[in-house]
Amino acid sequence: MDGQFTVSLILIVATFSLYIGIAIFNRARATSDFYVAGRGVPPVFNGMAIGADWMSAASFIGMAGTVMALGYDGLAYIMGWTGGYLLLTFLLAPQLRKYGRYTVPEFIGDRYRSNTARLIAAIATIIISFTYSVGQLSGSGVVIGRLLEVNTATGTMIGVVLIAFYSAMGGMKGITWTQVAQYLVLIIAYLIPVIFMSLQLTQNPAPWLSYGQIIQELQVLDQQLGITEYVVPFTEATKWQFLALMFTLMAGTAGLPHVIVRFYTVATMKAARWSGAWALLFIGLLYLSAPAYAAFSRFILMTEVAGSSLTSLPAWTQAWIDTGELSLADSNGDGVLQWTEIMISNDIVVMATPEIANLGVFIIGLMAAGAMAAALSTAGGLMIAISAALSHDIYFRSINPNASEKKRLAVGRWSIVLATVFAGLIALNPPGAITQIVAWAFALASGSFFPALFLGVWWKRANGPGVIAGMLVGLTVTLSYIFAAKYGGFTILGIIDTGAGVFGATAAILTNIIVSLSTAPPTQEAQDEVTDLRYPEQVQYKNGEVWLKEE
Amino acid sequence: MRKMDPAKAEAYFKYRTTMIVIYLTVGFLASYLVVFFARGLSSITVMGIPFHYYMGSQGAVVTFIILLFINAIISDKIDKKFGFDPKFVDSTNQTVD
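From first to last, the protein sequence lines are chains F and A. Mapping of the first sequence onto the UniProt record's numbering: position 78 corresponds to residue 78, and the numbering continues sequentially without gaps. Mapping of the second sequence onto the UniProt record's numbering: position 9 corresponds to residue 9, and the numbering continues sequentially without gaps.
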C-alpha cells in the first residue's frame, strides 16, 4: 500500500459516505418520492442534479481522451451532447412536464392511448438504459482497477456491488440531492487538474483562454513529426459521419428517459425551462474544459514522455500498464519511445493526466473520487429509469394494477440489483470504448424516443398505431445499422455505427407520420390534450376553448 | 376558471413557437453549418485557434448556453405579458397514481 492508494481511498470513502448519508437522510417514503422526488426540486439544484445524472463516466473519463485521440473529429461529442439540451428544453421538457406523469413510457402510453406503445417504450427504456449502464460500469472498472492496482475486470465487479447497493437504496428523492453533491465533487475534481496544468504549461490559470496557445504549438509539433494534424477536420471519419454523430447525440440526449425524468422533478413548465438552462451551464463547465484537457495531455505526452528512453520512463506508466489500458512498445528497437509507439486507451487519458503532469497524490485521489461520482450518479439515474420501467410501466400498469406501494417499491429495488449485476457481466468484457458504448445508447434513444416524444408533443394527429410502428421501425433500423456498420463493414456516406441514430430517427418519424395518416385520427379528447400542452399550467384547453384557472 | 380570448391564446402559442424556431436556427448555424464549412473556415482564427476548431470546442457550447438562458428569461416575460402568473402551480394536474 503506497501513499497514493491511501489518499485515493480516503477521498473515495469520504465522498461515498457523504452520498450515502444524503441518501439515507432523504429516503424515499412514498412512490412519488421514489420516482419524481415529490416534484419540489428548485431549478438551480435540479440543474446540478441533471448535470451529474447526465455527465457520465463517458463525459468525465472518456471525452477528453476521445478528443485527444480524434482531434477535431472528437468535437462532435462536445457539440452533440450539449446541443441536445436545445432540443430537450425547447421542444420537449416543458410540455412533458405539463402532461405530468412519472415516466417516459407512461407519457407515451397515455398520450397515444395505447398499452402496446407503453410496453414497447418500457422495453426500449430498459434496452437504452442498460446499454448506457454497461458504459458506466466499465468506466468505474477503469477507476477502481487503477486505484486498487488490479485489472479492469476485477475493478468492474467491485463497481457493480457498490452501484447496485447504492442505487437500490435511495430512489429519486435520495438521488436528487446526492446528485447535487456528486456534481460538486465531479466538477471540482475535473477543474482542479486542468487549471494546474494550464498554470504549468502557460502560466495562465484559465485553461479556456490559454489552451489556444498549446493548440498552436501542437500544430507545429504535428508538422515536424509529419503526423495527422490535430485541428484538421475529418481526418478520422467523413464529414457526414461527424454530422450524423452530432445529430445522433443531440436527438438521443433529448430522448433519454433517465434525463427527461429529471424534468418531472420540478414544479412547473417555467421551472423546467430554467432547469434546462442551469443544467447546460453546469455541464458546460466540464465540456468547455475537456478540449483544453485533451490539448494539454497530448502536449505533455508529446514533449515529455515521447522521446525519453525506455529505461527511464516515469513511474506512473507501470500502474497503467498493469490495468491493461496502456502499452509502450519500442517497435523499432532503438531504446527510445516515439510518439507513435505510445498506445494509450481513450478511457484513461483523464485519469492518467494528473499523474503525467506530476500533480501530486491529493489531486490524483480527487480525480478518482470525481470519476466515481460521475459513474455512480449516472448509473443511479439509469437504474431508476430501468426500475421505473419494470416496476411501474410493466408490473404495475400492465401486470398487477392492484399492487401495493410496498410491493412496487420492492419490485423496483430488486430490478435495480438484477439489472446492475447483469450489466456488470457484460462490462467485464466491454464491446467498445466507453464513449462508443454510450453513443450506441444515444443512437437507440434517437431512433425510438425522440421521434415518439417530438411528434407526440407537437403533432396532435399522431396516433397509437403510428407510434408503435415508428418505435419498432426506428429501433430496428438503428440496431441493424449499428451491427451492419460495426461487424459487417456496411456504411452509407462513411457514417459508422455511432452515427446510426440519424437513420433510425428519420425512419421512425416517417413511419409514424405515414401510419398515423393512414389510420383513424386520435379521439378529440386526446387531440385536445396535445393542444393543451401549448400553454402554461394555469391554462386549460378543452372542447375547443381555452380556460384560465385562477388560484 | 374563466374563458380566455381564443385569439390571445393563439397569439401566445405563435409567439412562443416563433421564438423557438429562431433559437433552434441560431443553434443550427453555430454547429451544423460551421461543421459543414469547416475546411473553408479554418483560415480564420480566434484566440490563435482555427475558427472551426474554436466553434467546436467552445463557441457552439457557449452559444447553446446563452440561447437557453435567453429563452428562460424571455419566456417568463411572455408569460407575464399574457397574464400567466409564473408562480402558479397546478395541484389538480398531478399524475395518476
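Because the hints were derived from the structure by calculation, they are not lab data. Quick reminder that beta carbons are idealized off the backbone N, C-alpha and C, glycines included. Hints should not be assumed to be uniformly reliable.
Stated by the list, open to error - Derived DMTMM-like pairs (lysine to aspartate or glutamate); straight-line CA-CA distance at most 20 Å:
(1) K8(A) with D76(A)
(2) K542(F) with E10(A)
(3) K14(A) with D528(F)
(4) K460(F) with E550(F)
(5) K8(A) with E229(F)
(6) K239(F) with E217(F)
(7) K542(F) with D5(A)
(8) K3(A) with E550(F)
(9) K14(A) with E229(F)
(10) K3(A) with E529(F)
(11) K239(F) with E229(F)
(12) K14(A) with D76(A)
(13) K14(A) with E550(F)
(14) K80(A) with D5(A)
Said to hold, decoys possible - Listed next, the stretches of chain A that the computed footprint assigns to chain F, with coverage defined by at least 3 CB atoms under 8 Å from CB atoms of chain F:
(15) 38-45
(16) 74-83
Here is how each hint holds up against the structure:
1. The hinted pair formed by K8(A) and D76(A) meets the criterion: a straight-line CA distance of about 17 Å does not exceed 20 Å.
2. Between K542(F) and E10(A) the alpha-carbon distance is near 14 Å, which keeps this suggested pair within the 20 Å criterion.
3. Of the supplied pair hints, the one linking K14(A) and D528(F) holds, its CA atoms being roughly 17 Å apart against a limit of 20 Å.
4. Under the criterion of a C-alpha separation no larger than 20 Å, the hint pairing K460(F) with E550(F) is inconsistent with the structure, at around 27 Å.
5. A threshold of 20 Å between alpha carbons decides the hint, and for K8(A) with E229(F) the separation of about 56 Å lies outside it, so the pair is violated.
6. Restraint check for K239(F) and E217(F): the C-alpha separation of about 25 Å exceeds 20 Å, so the hint is violated.
7. At most 20 Å may separate the alpha-carbon atoms for a hinted pair to count; K542(F) and D5(A) meet this at roughly 13 Å.
8. As the CA atoms of K3(A) and E550(F) are separated by approximately 11 Å, the hinted pair is consistent with the 20 Å bound.
9. Distance restraint check for K14(A) and E229(F): the Cα-Cα separation of roughly 47 Å exceeds the 20 Å cut-off, and the hinted pair is therefore not satisfied.
10. Taking the CA atoms of K3(A) and E529(F), the gap is about 17 Å. The hint holds against a cut of 20 Å.
11. Of the pairs offered as hints, the one joining K239(F) and E229(F) holds, with about 16 Å between alpha carbons and a cut-off of 20 Å not exceeded.
12. A hinted pair counts as satisfied when its Cα atoms are at most 20 Å apart, and K14(A) with D76(A) qualifies at roughly 16 Å.
13. Proximity of K14(A) to E550(F) is assessed by CA-CA distance (about 23 Å); at most 20 Å being required, the pair is judged violated.
14. At roughly 16 Å between alpha-carbon atoms, K80(A) and D5(A) fall within 20 Å of each other, so this suggested pair holds.
15. Counting residues of the segment 38-45 of chain A whose C-beta sits closer than 8 Å to any C-beta of chain F gives 3, which meets the bar of three, so the coverage hint holds.
16. Counting residues of the segment 74-83 of chain A whose beta carbon lies closer than 8 Å to any beta carbon of chain F gives 4, which meets the minimum of three for the stated coverage.
The structure fails to meet hints 4, 5, 6, 9 and 13 from the earlier list, while all remaining hints are met.
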